[in-house]
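Peer 1: Below are the chains, spelled out letter by letter.
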Amino acid sequence: MREHRHSPHVPYAAQLIDRRDLSEDTSLFRIAPEASALAELASFVPGQFVQLSVPGAGEVPISPADLPAADGTLELCVRRVGHVTELLHKLKPGARLGLRGPFGCGFPLGDMAGRPVLLLAGGLGIAPLRSLLIHLLRQRDRYGDITLMYGAKQPRLMLFREELAALAAGGGMRLYLTVDFAPEQQEGDYSCAVGLLPDLLKGFRFDAAATYAALCGPPPLYRCLVADLERAGVAAERILLSLERRMRCGVGRCCHCAIGQKLCCMDGPVFRASDLKGIPEAL
Amino acid sequence: MADNFLKTSRLDQFLETLRLFGELHAPTILESGVVSFAPLDDPTQLHLDYRRTQIPPKKYLLPFREEILHCHGGNYREGQSDAGDTVLFGIHSCDLEGIAYLDRVFMADAADPSYAARRARLTLVGVSCEPDDFCFCPEGMQSTSCDLFLNACADGFHLAGYSAKGQALLSAAAHLLETGEPVPPPALSAVCRAPEDPELRFSDHPLWQKYASTCVSCGACSVCCPTCYCFDVREYPVLSGGGTRIREWDNCLFASHGEVSGANFRPDRLDRLRYRFLHKFCGFTPLQGVNSCVGCGRCKAVCPVGIDLRELTVAPEQVQP
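Going down the list, the sequences are from chains A and B.
Residue 1 is where the first sequence starts when you use my numbering, and the numbers rise one by one after that.
Residue 1 is where the second sequence starts when you use my numbering, and the numbers rise one by one after that.
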């Protein structure tokens, strides 16, 4: 099942091409893997993750924020939050990196075809969902209504604001933004609600019996949104959650990403809510 | 089997023959008094009448700490295993089954390169054993997951080869072997089985609360477990640039094990204990449903507060919460 062109431990060489700062602690890194890595990476399904190595610092699992570009480069949205990401944020274009993957199971695109898709992102959770959104919009005819609800703590922490607004203006999707609170009201801010994602969902009318919901965000987000979605009539089999764990090896051996008897790196990181029922530590 | 009988008086010569196949390691008593698999420089060091070593033979396949990658000039290269041919003599059936389980984890699918390299250089010679109060291996368990097995009887051992390597060992030692009386089947009385009702065991059974109130999260049960293989991966910079990536044993009883940024999915001891035993008895992807407890008794023997895993395997009404 798992196929590796070389040892599963050894990262392919990669290079940092450029970076774009999205907020005070989060940046979008464009990374060019070596040519021999491209065949493996081309199999990327939105929701899968790669293992990004910063030489001398270590490795972190990151879910790409875009589909691989035509030239094979990848966009990784990374928050400066730990040892490895701290060093990554200090690197300049041209720096050497390492890359393994993609690993795990992504979103079940085949099952989602022909159906409305509701994406619910909280904070940095927009990153994995952005690659799904880009896929959905590129193959717009294959899917029903596409809706993105995105919540951030406050306006300046909202990632990809302009880009999401531009995509929504294109007419391919509906976009709802919300912030927990809005301390600064700047000229030209995009209109957005103040409140939590469940509040947005409450007023939303949609075809719950047909819709696939895709969620990514901090753990408390799942706990309330899954229940809300089920109450609204979305079956647990069609609620897709991208879960975060510290995958160390990425190939199902180190056990660092265990969720009950499942492993996030092999059975996930995208799970159906129905698969997580009865696992106390899942959400 | 009756044709491959080794008299006890010829054991030393047999051990010399084993050295032809690699460095000989066997159970010995260290200066500290701990029974350990170690290089057998001198046959008098052999401590074959042992109950269990403190650390199981998994250390030969998964070293406590191992350099897996070296990075120079931005390129990662695989660390080379320094392990030579090794003959591991005197392993009990439970530990052989432990290795067989690790093989399923690390050799299946895309094999783990360093594990596979070590495994290929390892010759396993098992020996029958006498259970003590801590043992709870399956009744009559005799592992065939080895190259050669020595079944002890009054004045010697009956040898059985279970692999091509085992047959080669028998051929090399043919001049030491003779015909003996057939050996009676091993009689082990204790029982190890998965909890009959995992739903009950791994839900909110009061037993977990009882365990959690005494467990000190020292992790000794996991360190000493022949089938615990969790590892952490870390990277350290080197002054000349680049770095070294290591992997080392980790432990699911430590609070850090279930951490993610901003949360911990197993914050309490109860969660971590239950998680460990769930994994032990019911397995993970892709070994879900496989009971990996081999009944070696180490977890009970080393637990400083006397947590007894066997309570999980008796009928619920017999459990005293």
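What the hints contain is simulated information worked out from the structure, not anything from laboratory work.
Incorrect hints may appear among the rest.
Stated by the list, open to error - In silico BS3-like cross-links for lysine-lysine, where the CA-CA straight-line distance does not exceed 30 Å:
1) K59(B) to K262(A)
2) K202(A) to K92(A)
3) K90(A) to K277(A)
4) K59(B) to K277(A)
5) K262(A) to K210(B)
6) K7(B) to K300(B)
7) K153(A) to K202(A)
8) K165(B) to K262(A)
9) K165(B) to K300(B)
10) K92(A) to K153(A)
11) K153(A) to K90(A)
12) K277(A) to K262(A)
Stated by the list, open to error - Not close to chain B: a few residues of chain A, all C-beta gaps over 12 Å, as computed:
13) T85
14) A95
15) L97
16) P108
17) T147
18) L175
19) V226
20) C265
21) D267
If you're wondering where the values come from, they're calculated on a predicted model, not measured in any experiment.
Every residue gets a Cβ at the ideal spot worked out from N, C-alpha and C, and that includes glycine.
Peer 1: Hint compliance check: list the failing hint numbers for this structure, sorted ascending.
Peer 2: Hints 2, 3, 4, 6, 8, 9, 13, 14, 15, 20, 21 not satisfied by this model.
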